[in-house]
Amino acid sequence: MPATMTRRLQLLLDEERYERVAAEAKRQRVSVATIIRDAIDEKLEHRRRDKRAAMEAILNAEPIPVPPGDGLVEEIHRLRDERHSDLY
Numbered sequence: 001m002p003a004t005m006t007r008r009l010q011l012l013l014d015e016e017r018y019e020r021v022a023a024e025a026k027r028q029r030v031s032v033a034t035i036i037r038d039a040i041d042e043k044l045e046h047r048r049r050d051k052r053a054a055m056e057a058i059l060n061a062e063p064i065p066v067p068p069g070d071g072l073v074e075e076i077h078r079l080r081d082e083r084h085s086d087l088y
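Residues 1 to 88 in the numbering used here are what the sequence shown spells out, letter by letter.
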């Protein structure tokens, strides 16, 4: 985290959220701003970890059989036409 804060942000909270944040700040003996900055950092890091875990799961997944490409486009068109015929 940078030592010097260079951006100002106005954040509006409802009373219940503010009270929760203020209580946590008091409990930790830090500012409300510190609690909010830490929450932002934690949330963004959590999302980064989730994306990485999803990517790793995909890369580590067992391969699935894929039929040869011969006739695949025609099969897709046939299935699409069948689906559309159900609409009329």
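Hint data in this document are derived by calculation from the structure and do not stem from the laboratory.
None of the values given here were measured: they were computed from a predicted structure.
Possibly wrong hints are sitting among the right ones.
Ranges of calculated distance between the beta carbons of each label pair, as one might list FRET restraints [what the hints assert, rightly or not]:
(1) L79 with I36: 45 to 53 Å
(2) A57 with L79: 52 to 60 Å
(3) R29 with R7: 18 to 26 Å
(4) R78 with E15: 53 to 61 Å
(5) P63 with L12: 43 to 51 Å
(6) R37 with R78: 27 to 35 Å
(7) A39 with T4: 53 to 61 Å
(8) R49 with Y18: 27 to 35 Å
(9) A54 with A33: 29 to 37 Å
(10) R78 with A57: 26 to 34 Å
(11) E56 with A23: 20 to 28 Å
(12) L13 with K51: 25 to 33 Å
(13) M55 with D14: 29 to 37 Å
Glycine included, C-beta positions come from ideal geometry on N, C-alpha and C.
Here is how each hint holds up against the structure:
Hint check: L79 to I36, Cβ distance near 51 Å, so the stated range 45 to 53 Å holds. Look at A57 against L79: about 28 Å separates their beta carbons, and that is not inside 52 to 60 Å. Against the hinted window of 18 to 26 Å, the Cβ-Cβ separation of R29 and R7 comes to about 25 Å, which satisfies the hint. Judged by the Cβ atoms, the range 53 to 61 Å given for R78 and E15 holds: they are separated by roughly 59 Å.
With their beta carbons about 50 Å apart, P63 and L12 fall inside the hinted range of 43 to 51 Å. At about 56 Å, the CB distance of R37 to R78 disagrees with the hint of 27 to 35 Å. A C-beta distance of roughly 21 Å is found between A39 and T4, which places it outside the suggested range of 53 to 61 Å. Checked against the hint of 27 to 35 Å, the pair R49 and Y18 passes, with Cβ atoms roughly 28 Å apart.
The beta-carbon spacing between A54 and A33, approximately 32 Å, falls within the hinted interval of 29 to 37 Å. A hinted range of 26 to 34 Å for the beta carbons of R78 and A57 is consistent with their spacing of about 33 Å. Take E56 and A23: their Cβ atoms lie about 37 Å apart, and the range 20 to 28 Å is violated. For the pair L13 and K51, the beta carbons lie near 28 Å from each other, so the given range of 25 to 33 Å is met.
Between M55 and D14 the beta carbon distance is about 36 Å. The supplied range of 29 to 37 Å therefore holds.
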